[in-house]
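Let the sequences and hints guide you as you build the complete structure.
Protein chains: 2
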Amino acid sequence: MKAAILVIGDEIISGHTLDTNSNYLANALNELGISVVEIVSVGDRVEEIASELKALLGKADIILTSGGLGSTHDDVTKRAIAEALSRKLVLEESVIESITKRADPNRMPKRWMLESIATLPEGSILFENPLGLAPGVGVIDGDKIIYLLPGVPCELKAIFESSVLDHIARRASGKMLRRRVLRTAGLAESEVSEALKDWLESTTIRVGMLPEISGVTLRLTAIDDDPARAEHLLDEETQKILGLLGDAVYSTEGKSIEQVVGEILIQRNLRVAVAESCTGGLIGHLLTEIPGISACLDRVLVTYSNSAKVELLGVPEEVIAAYGAVSAEVARAMALGVRERSGVDIGLSTTGIAGPSGGSESKPVGLVYMAVTNGERVIVKKRIFRGMRSAVKMRAAYHTLNMLRLFLLRG
Amino acid sequence: MKAAILVIGDEIISGHTLDTNSNYLANALNELGISVVEIVSVGDRVEEIASELKALLGKADIILTSGGLGSTHDDVTKRAIAEALSRKLVLEESVIESITKRADPNRMPKRWMLESIATLPEGSILFENPLGLAPGVGVIDGDKIIYLLPGVPCELKAIFESSVLDHIARRASGKMLRRRVLRTAGLAESEVSEALKDWLESTTIRVGMLPEISGVTLRLTAIDDDPARAEHLLDEETQKILGLLGDAVYSTEGKSIEQVVGEILIQRNLRVAVAESCTGGLIGHLLTEIPGISACLDRVLVTYSNSAKVELLGVPEEVIAAYGAVSAEVARAMALGVRERSGVDIGLSTTGIAGPSGGSESKPVGLVYMAVTNGERVIVKKRIFRGMRSAVKMRAAYHTLNMLRLFLLRG
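Respectively, the protein sequence lines represent chains Z and Y.
Just so we're aligned: the first sequence equals residues 18 to 428 in the working numbering.
Just so we're aligned: the second sequence equals residues 18 to 428 in the working numbering.
Simulated from the structure, these hints should not be mistaken for laboratory data.
No residue lacks a Cβ here, since even glycine has one placed at the ideal position from N, Cα and C.
Misleading hints may appear alongside valid ones.
[To be verified] Partial selection, computed: residues in chain Z whose CB lies under 8 angstroms from chain Y:
{"hint": "1", "residue": "Glu28"}
{"hint": "2", "residue": "Ser31"}
{"hint": "3", "residue": "Leu35"}
{"hint": "4", "residue": "Val59"}
{"hint": "5", "residue": "Ile300"}
{"hint": "6", "residue": "His302"}
{"hint": "7", "residue": "Asp315"}
{"hint": "8", "residue": "Leu318"}
{"hint": "9", "residue": "Asn323"}
{"hint": "10", "residue": "Ala325"}
{"hint": "11", "residue": "Ser374"}
{"hint": "12", "residue": "Gly376"}
{"hint": "13", "residue": "Ser377"}
{"hint": "14", "residue": "Ser407"}
Laid out in C-alpha cells, this is it:
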C-alpha cells in the first residue's frame, strides 16, 4: 500500500510557513509500514489542487491532504477534491449541529462560516476534530481513499491520532493499531541498537528509533484485530525493553525528562536547588517549563564568576585555586553548597567549558563536571560533550537532569 | 517568472528528516519577486525524479533541486536530470582539480568518489560550494534553467547565497541583488506596518515582514544593475526605516537580541547580574549563548521562592507581604538587590505568573513585572503576555533583554 501527501496553502509555497505536517504524516505512515511515494505542496487554487490530486491518485492508494478546510475564501480544498472526482458538494447538516453543540455560545461562528465548513463532497466520512471546528473528511474513490485534514498542526495531529490512523490501519490490514513512545537517556543510538539487537530481530511490533539531543526515542506500533490485544502486546514488549535497557528508559509515555523529574519531585514533595555555571540557567529554564515546579524548586544560582561561586555557594577559594573552576572538586562543592545554603533536600551543579574559546589541552571545550547530592551522598560525573556552545549546554543540562532522575530512582 | 522546487531524498519522504530547504528557497525566491508554484518531494529513484522534473518544467521557468549530489549509490539526481533532458553525462576534470586543490591531503576522497561528484550533465554551469565537496550545478534547457543544490542545509544555503541567487536575479531581470535583515523589538506587526505605511508604498526595494516571538523581522532586498548601487540603496532605505522605527530596530545585520545586548556589554566592559523569578533561568540561558559573556555576566539568581528573594536579594519581607511577590515593588527591589549584592554595574529582574495556574482576577496568568537598574535609575515595566507558560517565559525574557538594550542605549 502506497501513500502520497498533498500540502495545500499559499503560505507554504511562499515560504512564509514551514510545513511540518508532511513530515509528521510521513513518519506515522512509515511506522505503519505504508511507504510515502511523494509529497507535494501547492497553493490555494482549485485547478492546481484538483490536477495534482488526479496525478497523485495515479501513484498512491491513500492520499492525505493538509490545509484549506476552514471557512475563508482561500479554503478551497473540498471544492478541488469534488472537482477532481466529479463529485457533488452537499451541505451536511450534522456537521453544523455537532459544531453548534460544542461551540461556546458567545463565540458561535456565523451561519455562512458553518455552511462553508459543512459543505462536503457527497458521501464523505467524518473524523471528529477534538481541537477545532472543521472535522477531518474521508472521500472514497474506488479502491483509493483521500483524507482531508486541517493545516493547523495540532488539529491535524489530533484528528489523525484519534481516528484517521486507525481508519488507515483497518483499511490497510483490517486491523487496529496502538502506539507508544519510550524515551531513553544516557545511551547512544548504537548502544540502544546493540542492547535491543536480539529483541529487534524477534519482535512482531514495529519499532522506530530517533536520536535526539536529550537521548534516544523509541516509537513502538502494535497492530492487531483487537485493539485491547494490541495494547497488551505493547505492554509486554515494553516490559522486555525495560528489562534490556533498565533505567535508561525514563518514560514509557513520551514525556520529556524535565517533566519526569519534575513529577517525581512534586510527588515526593522534595525541594531542590541548582548551582549552574556553564549551563548558564538552562537547567532552571527546563525545570521551570513544568507547571507546579515552584513548590519544589527553591532557587537556581548561575554562578558564572569565581567570586559568585565563593560568595553564594561557599566554594572554598583554595579549591578553585588548586583544581580550577572546572573540576570535579568545584562541582562537588557547588552542589553541596547550594543545597546547604538554601536548606533544601537536593543540590545539583554544573561547571564546564561551553566554548568556543576557553579550552586547553587538559581541559578541552565540551568538558563538563556535574554533581548531585542529598547532603550525605554526592555523585560527580565528568563528560566531554561534542558540538557547539549551544549543544554543549543542552547535553550537559539533560545529562544533569538524568543524574538527578537516577539519584531519585536508586535512592 | 515562476519557480518550482524539487526535494530529493528517501529520508524526506519517509519522514526521517524534516525538509527545511524548500521553505528557505521559497522564501528567498519570493523576496526576489519570483513566485513558487509547487514544491515536490520524491525518493532517490532516477525514473521518479526524471518524470517529476519533466512535469515541473511544464509549470515553471526555474527549477531548484535539493539533495542527491554526493558520491554514494543513492545520489542519483544528476543521472535523473540527464535522463529527463536526454543529455549526456560527462566527467568534468576541472571539478576534480578544484576539489583536490582545496581538500585536506590527509582526508582526500577516493578517485571514484571524485569522479562521481564530477560527472555532470553536458554543458553544466558550476557554482562553488564554500562548505562541502560537491559544487552546485546549473543546467539550461531552452529558456528554462535547473539549479541542482546539495541537501545538507548549510551547504545549500552557502551555495545559494554566494552565487545562485545572483545568477537567478540576473536571469530574471539582468540585475544584481543585495539583501539585509533588520530586527525589531517591542512593536507588534501591525504597529510596524502602521509606522512604515507611507514608506512601504513609496520604496523601490522589496520588503518581507516576519513576526517572531522576540519581535518583528524585516527582510529587505534591493535589485540593481550594479551591486554597489543596490548596497547603497539598502543603506539609504535602512536609514529611512531607522528614522521611522527609531530604536525599536536592534540590528541591521540580522543579529539576535541576546547577541546585540551581549556585544554592548562586552564592548563597554559592563558587568551585569540577573534576578529571575517567572523566567526561571531563561534570561541567563539566552545571555550565556553568547561566547565571551563570562567577562560580563557575574551571576543569575533564579529566586523562585519568597525566602530566596529575601535571603539572596535582600527584598524586604514586608514589601512581599504588602504587594505580593508579583509586583512592581518586588521587581524593583530584586533588580536593586541583585546589583548591589553582586557589586556589578547593572541589575535586571523579572517576576510574574507564567501559568497555567496561579493567576487571579487582579493578577492574571501572563502578568510580568520587569526591572533594570544601574543603582541610580530604576526602570520597571508591567506587561501581560499572552500564550502558554513557555511563551510567557520567552516573551518576558526577550522583553527584559530589550529593556536592558534601551537602558544601555539611552544612557
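Now for the hints, and whether the structure bears them out:
no. : hint   : in the structure
1   : Glu28  : 10 angstroms, violated
2   : Ser31  : 5 angstroms, holds
3   : Leu35  : 5 angstroms, holds
4   : Val59  : 5 angstroms, holds
5   : Ile300 : 7 angstroms, holds
6   : His302 : 4 angstroms, holds
7   : Asp315 : 5 angstroms, holds
8   : Leu318 : 6 angstroms, holds
9   : Asn323 : 10 angstroms, violated
10  : Ala325 : 4 angstroms, holds
11  : Ser374 : 6 angstroms, holds
12  : Gly376 : 12 angstroms, violated
13  : Ser377 : 15 angstroms, violated
14  : Ser407 : 6 angstroms, holds
Checked against the numbered hints above, the structure breaks hints 1, 9, 12 and 13 and satisfies the rest.
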